[in-house]
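With these hints in hand, go ahead and build the complete structure from the sequences.
Spelled out from the first residue to the last, the chains are:
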Amino acid sequence: MNLQAIRAIYGFEMNRTRRTLGQSVVSPVLSTSLYFVVFGSAIGPRMAEVGGVPYGAFIVPGLMMLTLLTQSISNAAFAIYFPRFTGTIYELLSAPVSPFEIVAGYVGAAATKSTVLGIIILATASLFVPLEIRHPFWVLGFLVLTAVTFSLFGFIIGIWADGFERLQLIPMLVITPLTFLGGTFYSLDMLPPVWRTVTLFNPVVYLVSGFRWSFFGHSDVRVEVSFAMTLAFLAVCLFTVRWMFRTGYRLKS
Amino acid sequence: MSAPATRDSFKSDSSGSPSTSVITVSGLGKTYATGHVALKDVSLDIRRGEIFALLGPNGAGKTTLISIICGLVNATAGKVEVAGYDIVADYRAARSRIGLVPQELTTDSFESVWATVSFSRGLFGRKANPAHIEKVLRSLSLWDKKDARIMTLSGGMKRRVLIAKALSHEPEVLFLDEPSAGVDVELRRDMWRLVRELRDEGVTIILTTHYLEEAEEMADRVGVIAKGELILVEEKATLMRKLGKKQLTVELTVPLSALPQALADFGLALSGDGTRLTYTYATNREGDDDGLSIAGLLAALSSEGIAFKDLHTEQSSLEDIFVSLVRRAP
Ligand SMILES: Nc1ncnc2c1ncn2[C@@H]1O[C@H](COP(=O)(O)OP(=O)(O)O)[C@@H](O)[C@H]1O
Ligand SMILES: [Mg+2]
Numbered sequence: 001m002n003l004q005a006i007r008a009i010y011g012f013e014m015n016r017t018r019r020t021l022g023q024s025v026v027s028p029v030l031s032t033s034l035y036f037v038v039f040g041s042a043i044g045p046r047m048a049e050v051g052g053v054p055y056g057a058f059i060v061p062g063l064m065m066l067t068l069l070t071q072s073i074s075n076a077a078f079a080i081y082f083p084r085f086t087g088t089i090y091e092l093l094s095a096p097v098s099p100f101e102i103v104a105g106y107v108g109a110a111a112t113k114s115t116v117l118g119i120i121i122l123a124t125a126s127l128f129v130p131l132e133i134r135h136p137f138w139v140l141g142f143l144v145l146t147a148v149t150f151s152l153f154g155f156i157i158g159i160w161a162d163g164f165e166r167l168q169l170i171p172m173l174v175i176t177p178l179t180f181l182g183g184t185f186y187s188l189d190m191l192p193p194v195w196r197t198v199t200l201f202n203p204v205v206y207l208v209s210g211f212r213w214s215f216f217g218h219s220d221v222r223v224e225v226s227f228a229m230t231l232a233f234l235a236v237c238l239f240t241v242r243w244m245f246r247t248g249y250r251l252k253s
Numbered sequence: 001m002s003a004p005a006t007r008d009s010f011k012s013d014s015s016g017s018p019s020t021s022v023i024t025v026s027g028l029g030k031t032y033a034t035g036h037v038a039l040k041d042v043s044l045d046i047r048r049g050e051i052f053a054l055l056g057p058n059g060a061g062k063t064t065l066i067s068i069i070c071g072l073v074n075a076t077a078g079k080v081e082v083a084g085y086d087i088v089a090d091y092r093a094a095r096s097r098i099g100l101v102p103q104e105l106t107t108d109s110f111e112s113v114w115a116t117v118s119f120s121r122g123l124f125g126r127k128a129n130p131a132h133i134e135k136v137l138r139s140l141s142l143w144d145k146k147d148a149r150i151m152t153l154s155g156g157m158k159r160r161v162l163i164a165k166a167l168s169h170e171p172e173v174l175f176l177d178e179p180s181a182g183v184d185v186e187l188r189r190d191m192w193r194l195v196r197e198l199r200d201e202g203v204t205i206i207l208t209t210h211y212l213e214e215a216e217e218m219a220d221r222v223g224v225i226a227k228g229e230l231i232l233v234e235e236k237a238t239l240m241r242k243l244g245k246k247q248l249t250v251e252l253t254v255p256l257s258a259l260p261q262a263l264a265d266f267g268l269a270l271s272g273d274g275t276r277l278t279y280t281y282a283t284n285r286e287g288d289d290d291g292l293s294i295a296g297l298l299a300a301l302s303s304e305g306i307a308f309k310d311l312h313t314e315q316s317s318l319e320d321i322f323v324s325l326v327r328r329a330p
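Note that the protein sequences, when read in sequence, are chains A and B.
If you read the first sequence in my numbering, its first letter stands for residue 1, the second for the next number, and so on.
If you read the second sequence in my numbering, its first letter stands for residue 1, the second for the next number, and so on.
Treat the hints with care, since some could be wrong.
[As the list claims (entries may be wrong)] The list that follows gives simulated cross-link-like pairs (lysine-lysine, BS3-like), each with its CA atoms no further than 25 Å apart: (1) B/K227 / B/K40; (2) B/K245 / B/K309; (3) B/K158 / B/K145; (4) B/K135 / B/K145; (5) B/K135 / B/K158; (6) A/K252 / B/K227; (7) B/K79 / A/K252; (8) A/K252 / B/K40; (9) B/K79 / B/K227.
Just so you know, these hints were derived from the structure itself, not from any lab.
Here it is, written out as structure tokens:
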């Protein structure tokens with residue numbers, strides 16, 4: 001195991017984050033605050049409690065997931081796409097590093113960043129709404145698991161993308177709608193039965209639901225199912241990355 | 001000339017291989033996804049401690065060959081061993097011995113020189129060693145730029161940074177892909193000084209070039225590649241002797257209508273207007289005492305009563321040799 005290499009990649013990426021600290025922290029915190037002003041403070045008081053939880057608090061897990069998903073994907077996608085774009089990836093390909101070490105470095109850094117971001121958002125949210133967390137261990141668990149899984153997914157997109165447009169495409173066209181329609185702002189039983197069934201094909205539903213369970217102790221979908229679905233998605237991503245490195249897909253000619 | 005093949009055998013202990021080759025390429029072939037055949041059945045041994053110049057016109061396959069050895073491109077046929085380690089099966093052992101300076105100026109932008117060079121060392125699995133990084137940066141006149149962001153550097157400085165990155169992990173083999181492309185005189189001079197120093201330390205150096213004076217000046221051995229085929233590998237000195245030709249041109253005072261029989265042995269060429277005789281002879285014939293020397297020719301001319309007003313000789317450079325080889329290639 002080339003631990004030095006993992007450290008080098010991880011350190012390089014974390015330095016990049018530090019350099020762009022402003023934009024990487026300020027903008028998600030700002031947009032989350034806006035959500036709370038609008039949904040929590042303005043609209044929230046007019047909404048009924050959802051399953052015994054005030055609406056303002058109810059949307060916290062969903063909002064955290066929204067940021068976690070988009071940030072994990074775009075961080076990791078950019079981290080590997082940029083060296084491909086500039087050509088500096090030559091060094092990575094010529095180095096004595098295994099695919100696992102490369103992924104550990106890049107995905108580890110991206111996941112660290114979005115986990116920290118998630119915690120910052122949680123702290124911001126607690127300024128707006130009183131929060132009581134039932135299962136703090138599981139909050140952290142889902143946070144890290146989701147960050148890793150979607151950083152891995154972003155990494156795949158970064159290898160697949162052959163232009164900056166494509167790099168933006170997935171987060172914009174797929175993740176944001178899935179998150180909004182994944183129960184971020186509502187509980188599934190607020191939906192008509194048909195839509196409730198359709199929604200169950202949305203993987204984000206399981207993430208938000210599981211995450212919400214760790215906050216409030218109850219959820220739309222059983223937490224075991226949520227957990228299993230997240231692990232399944234992680235496994236799919238792992239196999240895809242392994243395949244990409246094995247075949248040299250878009251990395252080597 | 002010292003024998004590069006036996007130099008530095010002390011360093012081969014790490015390879016566990018008794019042979020003096022540090023890189024063995026056998027039957028290497030590459031067909032790109034486009035169907036373009038970039039390499040055809042290339043076999044080559046690089047000796048430990050030598051400076052090897054891979055010479056060929058643009059598109060010959062030099063970068064492809066280097067890229068396969070370094071792990072950037074997958075070969076479609078054949079195999080490569082570095083210090084006895086297969087580049088696919090034992091890629092860690094193989095790659096950790098190699099430093100690559102790519103043809104294109106591909107550097108980070110926002111990082112400092114120090115950070116990017118230290119990064120390379122870590123990537124290649126070596127423990128941080130500020131003293132070594134300092135030595136490398138100093139030898140490339142980069143020391144006072146160590147905290148500068150790479151994007152603020154000139155092209156020449158960026159090239160130095162790439163060399164520093166390649167040397168950061170103390171490689172046994174250094175690849176320089178077109179090191180002189182777009183490089184100023186000063187950097188070229190620094191680079192050749194560095195290459196010689198590295199060679200003296202036992203590092204094997206493989207450079208590609210189509211600047212022929214470079215190969216002529218630097219290399220111990222030269223390989224000529226054209227259209228994906230390795231046409232020839234030779235000690236540079238041998239190559240020069242074997243293929244190097246000298247030409248003596250004699251401007252005659254009175255035009256000749258035909259060559260006299262007495263001069264037949266020399267294989268002279270007479271120009272159309274009969275005013276110029278051209279004598280082509282291999283440089284390795286110099287010193288042969290069969291009467292076919294320049295002195296012999298001049299004696300024969302005077303005994304035939306052929307007067308001349310001028311004469312001059314030309315020696316073919318590596319460039320001429322190269323051009324004639326590539327023309328001959330299929
Ligand atoms: N990724 C690629 N896909 C298709 N053809 C390529 C690729 N890279 C190089 N080639 C072609 O292979 C040939 C050899 O290229 P290269 O090895 O770069 O030559 P050199 O370095 O000797 O100039 C060229 O004709 C080039 O166009
Ligand atoms: Mg080239």
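Hints, verified against the model:
Distance restraint check for B/K227 and B/K40: the Cα-Cα separation of roughly 8 Å lies within the 25 Å cut-off, and the hinted pair is therefore satisfied. Restraint check for B/K245 and B/K309: the C-alpha separation of about 23 Å stays at or below 25 Å, so the hint holds. Among the hinted pairs, B/K158 with B/K145 is consistent with the structure: their alpha-carbon atoms are about 11 Å apart, no more than 25 Å. Restraint check: the Cα-Cα separation between B/K135 and B/K145 comes to about 14 Å, which is no more than 25 Å; the hinted pair holds.
Our distance criterion of 25 Å between C-alpha atoms is met by B/K135 and B/K158, whose separation comes to about 17 Å. The hinted pair formed by A/K252 and B/K227 meets the criterion: a straight-line CA distance of about 22 Å does not exceed 25 Å. With a C-alpha separation of about 17 Å, the suggested pairing of B/K79 with A/K252 holds against the 25 Å cut-off. Straight-line distance between C-alpha atoms of A/K252 and B/K40 comes to about 19 Å, which keeps the hinted pair within the 25 Å bound.
A threshold of 25 Å between alpha carbons decides the hint, and for B/K79 with B/K227 the separation of about 20 Å falls inside it, so the pair holds.
Hint compliance for this structure: no hint is broken.
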